Amino acid sequence: MQNVRAQRVPSALAAPSKYRRVNWYARPFFRKKLLPWLFVLPIGFLYSAVVIVPALTGISYALTNWSGMGSAQYIGLENFRTLFFEDDNFVLAFQNNLWWMLIFLTVPFTMALVVSFLLSRIKRGAMLIRTALFVPYVLPSVVVVSIWQNLMSPRKGLGLQISRTFGIDTFNRAYLGNPDTALFAIAFIDNWHFWVFLVVIFLTAMQSISPDLYDAAKIDGASQFHEFIYVTVPSVLPTLVFMLMMVAIWSFLVFDYIYLTTQGGPAGATEVLGTFLYKEAFRRFEAGYASAVGITMSFFAMLIMGFVIFLRRRGVEI
Amino acid sequence: MAALSRKLRSVFKRQRREPSLWLNYFVVLLMTAFALGPIVVLFMNSVKGTAELGSNPIGFPRTFVWENYLVAWQRGNFATTLGNSSFLVVTTVLAQLTFCGLAAYSLARLNPPGGNIFMVVMLTGSTIPVWLYIVPLFMLWRDLGLLNNLWGLILLYSAGGAPFAIFLLRSFMLQIHPDFEDAARIDGASELQVLWSVIMPLAWPGFLTVGLMTALGTWSEYQLALIFVTDPELFPVTTSYAAFVGRFSRDWGLTSAAAVMLIAPVLLMFLSLQRQFIDGLTAGGVKA
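Residue numbers (my numbering), protein chains in the order written: chain L, 1 to 318; chain U, 1 to 288.
Treat the hints with care, since some could be wrong.
[To be verified] Some, not all, of what chain U presents toward chain L, calculated at C-beta under 7 Å: (1) VAL28; (2) THR32; (3) LEU36; (4) PRO38; (5) ILE58; (6) PHE60; (7) PHE64; (8) TRP131; (9) SER220; (10) PRO232; (11) LEU234; (12) ALA264; (13) LEU268; (14) PHE270.
Hints listed in this document are in silico derivations from the structure and should not be mistaken for laboratory results.
Just so we're clear, the structure is a prediction, and the values are computed from it rather than from any experiment.
Beta carbons: idealized from backbone N, C-alpha and C, even for Gly.
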């Protein structure tokens, strides 16, 4: 190395080159510090433009009465006060979100735990059944909704077929048009598509359970039901708790299925925070108010996550 | 004879030891029917006329009305919207794989100073719901002229999927032994060349998984497309299909035919690349 350098020293004597090429790549600063960041920069820049900067400015929006056009006036926490104490629609939407969460924390989990357990026992045809089960999950929400809107429609669909075939007319109802049943009907539709996702997750978790545990249970004379309760469920508990947390968070953010079926109707019976925010922001052009709704929604989502992290920190084994 | 009886005995023994699985099959097949039934009805109804749907809403079609597909194609403006959606999918997947691949490689191997902070920011960002920043984002996109612009949507989709893509690609790259790259570096390859000709061929299952999840997610995305694109000529298939259902809600045959055209690419992709799909699901815990 030394010799090579020494030969290059009398560079002043060499003919001055007009195009002296700088070998950036040989410079340690470029190679060790700059280049790694050049690789990260494009997506980092895009991500801050789309997520980070709007998330931070959203907080300042929420303190104004801005309509999206013209000038904004600072009004402090007025938006939040109106939201919590004066806006009945918000309270209604929040209650519906709680119902939605309750449904999704119970129904799909029960179905998925039982079915993935039963499926994990099957050897022959298991792959085929698993593939068939997952198909609803890959369908876009618009198609899932349109399939079930037709099937649940009172003048056509399943209700009509049942009344034709069996002469029973009780199922021939407008499930989505009735304020008492609409929210449950939409939850049923969303769940039809969603619960198989949990089956995938639980099946993967069950694959890593040691067969020794089942053998030991068998020797003790355990039935399939006992194995499920005493071996399978405790073994997948961390996955179960993680998914419960994720579903609780997602249930505050639901939008597609409700907007596509009822848009929050009839008479606000299916209004949730997502549709409420959408209407405030893009129909009534209350940009400031809608930002306050967004922050409130996110706050509840973060609260759930914080609660789980708190439990973990306290040493609860979940 | 002795061999046969021994074999018989072992068969019986196995049967006695293994618990009966009829209940498992019964429940699981019932749920499979629940999952597939409505989709089968969708396919059958896509070739029924209006008259037949009134008398035979669920069963096998008696006459096949293939024109449904032609009419749905024309009235649903599928020539345009399929083009829009394909453009969205291809460009988003390419952008995602390029930029997240670069970032993942740097974070896995090049140790950028402050890289950990970047990853924490990404991870925190991925937990922020889109509702928190949708209004300021909308205003920003309006000021930048990216509303009613497919590129505007591509930027949103690429950014939204970035945390998942970066973390998945990075974990795939970390599993590759560094000796492969060092060999290339000694031969004078630049980092880009290393990424392209050493990492890419070895980490391709990761790239395939990310590409598949991005493609499926982009094809099915509704919420952002609804908010950011309002010009019907720029609609992707999802928002255009929702508008189509709104106009022709009484004609179940027509909307079913349109739905079949919308989901055909998704089903083909899922059935041919199931393994990558399931890897992606279990790795990211994403919800469509």
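Evaluation of the provided hints:
no.	hint	verdict
1	VAL28	holds, 5 Å
2	THR32	holds, 5 Å
3	LEU36	holds, 6 Å
4	PRO38	holds, 5 Å
5	ILE58	holds, 5 Å
6	PHE60	violated, 13 Å
7	PHE64	violated, 19 Å
8	TRP131	holds, 4 Å
9	SER220	holds, 4 Å
10	PRO232	violated, 15 Å
11	LEU234	violated, 17 Å
12	ALA264	violated, 11 Å
13	LEU268	violated, 10 Å
14	PHE270	holds, 5 Å
The structure does not agree with the numbered hints 6, 7, 10, 11, 12 and 13 stated previously, though it agrees with the rest.
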